[in-house]
Amino acid sequence: MGSCYGRTANWREMARRIQTKRLGKLTGQAFSESKVLTNPIGGLMLGLLATVLVQSANIGTSVTNTLVALTQSNNRDDFRRAFAGATVHDMFNWATVLILLPLELAT
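One gets this note's numbering by counting positions in the sequence shown from 1 and adding 998 to each.
One should not assume that every hint holds.
Unchecked claim - Here are the simulated distance ranges between beta carbons: (1) 1037 x 1014: 49 to 55 Å; (2) 1093 x 1028: 34 to 40 Å; (3) 1065 x 1027: 42 to 48 Å; (4) 1013 x 1094: 26 to 32 Å; (5) 1105 x 1015: 37 to 43 Å; (6) 1077 x 1018: 45 to 51 Å.
Read the hints as simulated data drawn from the structure, not as lab findings.
Each residue gets a CB set at the ideal place from its N, CA and C atoms; glycine is no exception.
Produce the entire structure from the sequences given, and follow the hints as far as they go.
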């Protein structure tokens, strides 16, 4: 026989698995019965919204890394390297959005 803690842990694990299965079933029903997802225009709008949100989050990180680079302003060499890295990251993010967003909208 196992310890009391071992039996309790097993029951907790079983309860967690049952709860996860129920939650998955409810989520699946919500998505399959959704009027937005069964309508082609609604699905298209949902995809467009998701694309715009992901791309705007990509641009949001450009502001963050520049602010972090500005915190290195007390040491000239560290600031130069940090700001150069932030600028490269910004250019990559902006180029990706400027290339991929029109491509996504065109297809």
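Against the structure, the hints come out as follows:
no. : hint                    : verdict
1   : 1037 x 1014: 49 to 55 Å : violated (36 Å)
2   : 1093 x 1028: 34 to 40 Å : holds (38 Å)
3   : 1065 x 1027: 42 to 48 Å : holds (43 Å)
4   : 1013 x 1094: 26 to 32 Å : violated (44 Å)
5   : 1105 x 1015: 37 to 43 Å : holds (41 Å)
6   : 1077 x 1018: 45 to 51 Å : holds (48 Å)
In the structure shown, a violation is registered for the earlier hints numbered 1 and 4, in ascending order.
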